[in-house]
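Take these sequences, add in the hints, and give me the full structure.
These are the residues of each chain, in order.
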Amino acid sequence: MRAVVSSALEEVSVTKVRIKFRKYGVMKFIGHLDMMRYFQKAMRRAEIDIRYSEGFSPHQIMSFAAPLGVGITSDGEYLDIEVETSRSSQASVDALNQVMVEGVEVISYKKLPDHAKTAMSIVAAADYELSCKDGYEVPASCEAFQEALQQFFLQPQTVMITKQTKKSEKMIDLKQLVYNWHIQEQSGKPVFCMKLSTGSVDNLKPELVLDALYQSMGLTYDANAIQVHRCEVYTKTKQGFLTLDEMGEVIM
Amino acid sequence: MTKLALSDEILMKITNPARYIGNEWNSVVKDKEQIKIRFVMCFPDVYEIGMSHLGIQILYDMFNRRDDVWCERVYSPWPDLHAILKEQKIPLFSLESQEPVKNADFLGITLQYEMCYTNVLQVLDLSQIPLLAKERTNEHPIVIGGGPCTYNPEPIADFFDLFYMGEGEVVYDDLLNLYQSMREAGSSREAFLLEAAKLPGIYVPSLYEVTYQEDGTIASFMPLNEEVSPTVQKQLVMDLAKAPYPEKPVVPFIKATQDRVVLEIQRGCIRGCRFCQAGMVYRPTREKEVGRLKELAVQMLKSTGHEEISLSSLSSSDYSQLEELVTYLVDEVGGKGVNISLPSLRIDAFSLDVMRKVQDVKKSSITFAPEAGSQRMRNVINKGLTEETILHGAALAFAGGWNKVKLYFMLGLPTETREDMQAIPALANEIAMLYYDTVPKDQRNGKCQITISTSFFVPKPFTPLQWARMYPPQEYISRAKVVSDAVKGQLNRKSIKYNWHEADVTVLEGILARGDRRVGQAILKVYEMGAIFDAWSEFFDYGKWQSAFAECGIDPDFYTMRERSLDEILPWDFIDTGVSKEFLKREWEQAMRESVTPNCRARCAGCGVKRFGGGVCYESQN
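Here the protein sequences come in this chain order: A and B. If you're matching positions, the first sequence starts at 6 in my numbering and goes up one per residue. If you're matching positions, the second sequence starts at 62 in my numbering and goes up one per residue.
You can trust all of the hints, since none of them are fake.
If you anchor each label on the Cβ, the simulated ranges turn out as follows: (1) A:D207 to B:E563: 47 to 53 Å; (2) A:Q191 to B:S242: 49 to 55 Å; (3) B:E612 to A:G193: 57 to 63 Å; (4) B:Q95 to A:D207: 52 to 58 Å; (5) B:S608 to A:D207: 53 to 59 Å; (6) A:K241 to B:A460: 57 to 63 Å; (7) B:Q95 to A:K172: 54 to 60 Å; (8) A:K172 to B:E563: 37 to 43 Å; (9) A:G74 to B:P404: 35 to 41 Å; (10) A:L247 to B:E563: 58 to 64 Å; (11) B:S381 to A:Y57: 31 to 37 Å; (12) A:G223 to B:K424: 54 to 60 Å; (13) A:E251 to B:D421: 41 to 47 Å; (14) A:Q191 to B:A252: 53 to 59 Å.
Below 25 Å or equal to it, Euclidean Cα-Cα: the simulated DSS-like pairs (lysine-lysine) are: (15) B:K502 to B:K423; (16) A:K46 to B:K309; (17) B:K74 to A:K210.
None of these hints come from the bench; they were simulated from the model. Beta carbons: idealized from backbone N, C-alpha and C, even for Gly.
This is the structure:
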């Protein structure tokens, strides 16, 4: 499913734009609110003709799809903006990358249909990879983890675990919220790949899922040993999961 | 990508890891193989404060323009990281290279307020650099101090290899060139310091000896080497148009105190307030050219992406091209999401008109700094503001829709009487009355809100009040109580709020501001006892300081409670700021006579800085 290429000279009609970016390296220590501030300033540096709200202290019309926790890297972060006018997708991506610090790379800049809902409101799932950091070991072999995954998650009909929220704790069924979970082997160490329910309704953190597997094996999960990486963010349509930028068009 | 000095494990458990990773937009990373001199610039307070300081941005930019120099930054680690660095013996690192500070050639520390002195020791200690200059070897960086507190460097003289007196733009190139050539020649640290001391503006404390009289005052202050001058002359930039200014300031990821473009419009101040050190040591007033400022405003907004620009100077209303500059900013730069933030301008028709364009009148307030409540007291401190001017400005503001007023005063000024203290709330009450008398009920946006803030006066070196005595903490508190009681007795007490400053901090600031070399032992002692971040009320512990003074046999009252005699040798007398001691004495005597000295534009008071050959001293002669 490829994005449709729109015709040229549509500059003025473009209003909603979705931007996809990567966050890596030391930038994983910059929290969500500071990333928003970072992009607000970057928009100005790149001279993106972004739209401002009305009122005495106008702010840029900008929203992020799904906040990324401190310490997590990503290949699939999204933010939506509204613009007054726009250069082509390629020119805009280039302009933004000219003013990015190392650790943030803009991948795409696409026009959304005028009626499109914000990314934030349609996020349904995200892919994660959890791997062992350099200098750390995981407490079991790949085979042991594969076996445990069968026993704990793949075979049972329901997998109930406790999810702590700010105010209370509740029981959730991982079978309903984990859409895919498998283990790859890389240099003898396991990489846990999962597609998880994400967004405002049923947001599931990958660390919680892996912690549950560790607990089923009688192991203690050490957050310091694991690098969490988000690969992609999806919305759900009748055709199934779509990445958030598949619904945008390249501006020529 | 740069490897961080701290592990993920540490960064994930401390507050605000973004303080320590560098990588900010416009920060400068160079190939260290191509570099001859590594300079680390330090602001000894937390990142968000340090990153807001204009002086470091100017020097950072200036140094990095040289191909052979790499200037990096370091700030005080917050106490959570401080404990980890100590425990795990991780050396403090600079942000850009993430390499230990101790590997640099120079560590430059800016000294903006006395309460950062323990943080200076913290930075040295965590960097694993000996705290005492005399214990350092060729292996250690040259530790340089600069900034306003160097106008009395004596309390911290033991911790620095050298001090730079005055504005950094002038002699640094010569100092770095000297260092480079002497290093290539294989010279020792001592040899370099001796040569450095011969440069104008450079003070090497280890090359001077102080002797004391029996009563504790200074008997002599002399260089140990006859090649070294007995006085050190303040450096200042006479051609601000040619001076470098950072067109691409570093943009922090986390919100710094000053999260905006800062445009310096002039240096110095014509007013001559007798308590104000900056107003004396940055003389003469030098303006920047308005065309250059307009260009810089546009460039800096573009290069940073900041949403706000603010003007910086000691007294912006005295900038002769202010109207042209502000009109340009409001019309050409404002809008498109850029806010103009105005410094405290003199309240008049023009400033209110501009404020209306850039601020929400309902939310904003107008500010007056009369500094003293009575006209008599204002004459003593040479603060030209009159009650009539204040009331006139307030009336204009009230008519324009404002109803919030902030008033700033000092307590504990020389010759202050109970009547002077009570005049503070009386003035606030007058302003409140003016509001209720002049704004009809149906046009009021609620009550008027007047906030009085008082700080306690600390005499500073190189001011006409440098000889004044201070008071014990309980005396300051009782003066604040006089004001507080008087506020409660006012007719409009419900419209007036009163805040006052803490007294212990004031007394300590007074000791450190006018202390001599002997005070250094107590700073070292109190750091060993665990004092850091004294500028933060949650960490400041006056008890620790009292024990440190006692253990070192230092009587704090010697530094605070004495009115000094005019012929006493003051610890900072060896510095030549260009403002003559005769002028300061004359001004002290004028203060005692409650007599006002006109500002520099109205009439030259003969302070001595005319010999620098520029600025306001020559304005009318062009």
